[in-house]
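> The sequence shown maps to residues 7 to 81 in the working numbering.
Hints should not be assumed to be uniformly reliable.
Simulated restraints on C-beta separations [to be verified]:
(1) S78 x S51: 41 to 49 Å
(2) E67 x Q41: 13 to 21 Å
(3) S78 x Q47: 40 to 48 Å
(4) P73 x V43: 30 to 38 Å
(5) C69 x L35: 19 to 27 Å
(6) I63 x T40: 17 to 25 Å
(7) C74 x W36: 26 to 34 Å
(8) W36 x P73: 22 to 30 Å
(9) Y48 x S78: 38 to 46 Å
Calculated from the structure, these hints are not laboratory results.
Ideal Cβ placement from N, Cα and C applies to all residues, glycine included.
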Amino acid sequence: MLFGFDIAHSSNPKVLVMYLKHSSIRFPLWKFLTQPVFDAQYRISLNPQYFWRVHRIEVLERCLKMPCTSQSYTD
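Could you build the full structure based on these sequences and the hints that come with them?
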């Protein structure tokens with residue numbers, strides 16, 4: 007289930023293709039395949055679902071650390 011929508015049980019086979027085409031969140035396959043296996047300071051993840059979950063958390067943390075300024079709007 008992705009974002010409250012069960013793609014696997016959809017009656018329309020094009021739904022998955024449309025979702026993957028328009029989704030900005032994609033599985034980082036190359037990052038998953040090139041994990042430093044023999045690095046003691048890096049925790050390797052062999053489970054793709056767990057790896058993707060950790061990756062999304064890391065992306066969110068990086069986004070929250072970015073500086074942002076609030077804009078005040080006057081009418």
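> State for each hint whether it applies.
Taking the hints in turn, this is what the structure says about them:
| no. | hint | verdict |
| --- | --- | --- |
| 1 | S78 x S51: 41 to 49 Å | holds, 43 Å |
| 2 | E67 x Q41: 13 to 21 Å | holds, 19 Å |
| 3 | S78 x Q47: 40 to 48 Å | holds, 44 Å |
| 4 | P73 x V43: 30 to 38 Å | holds, 35 Å |
| 5 | C69 x L35: 19 to 27 Å | holds, 21 Å |
| 6 | I63 x T40: 17 to 25 Å | holds, 19 Å |
| 7 | C74 x W36: 26 to 34 Å | holds, 29 Å |
| 8 | W36 x P73: 22 to 30 Å | holds, 28 Å |
| 9 | Y48 x S78: 38 to 46 Å | holds, 43 Å |
Taken one by one, the earlier hints all hold for this structure without exception.
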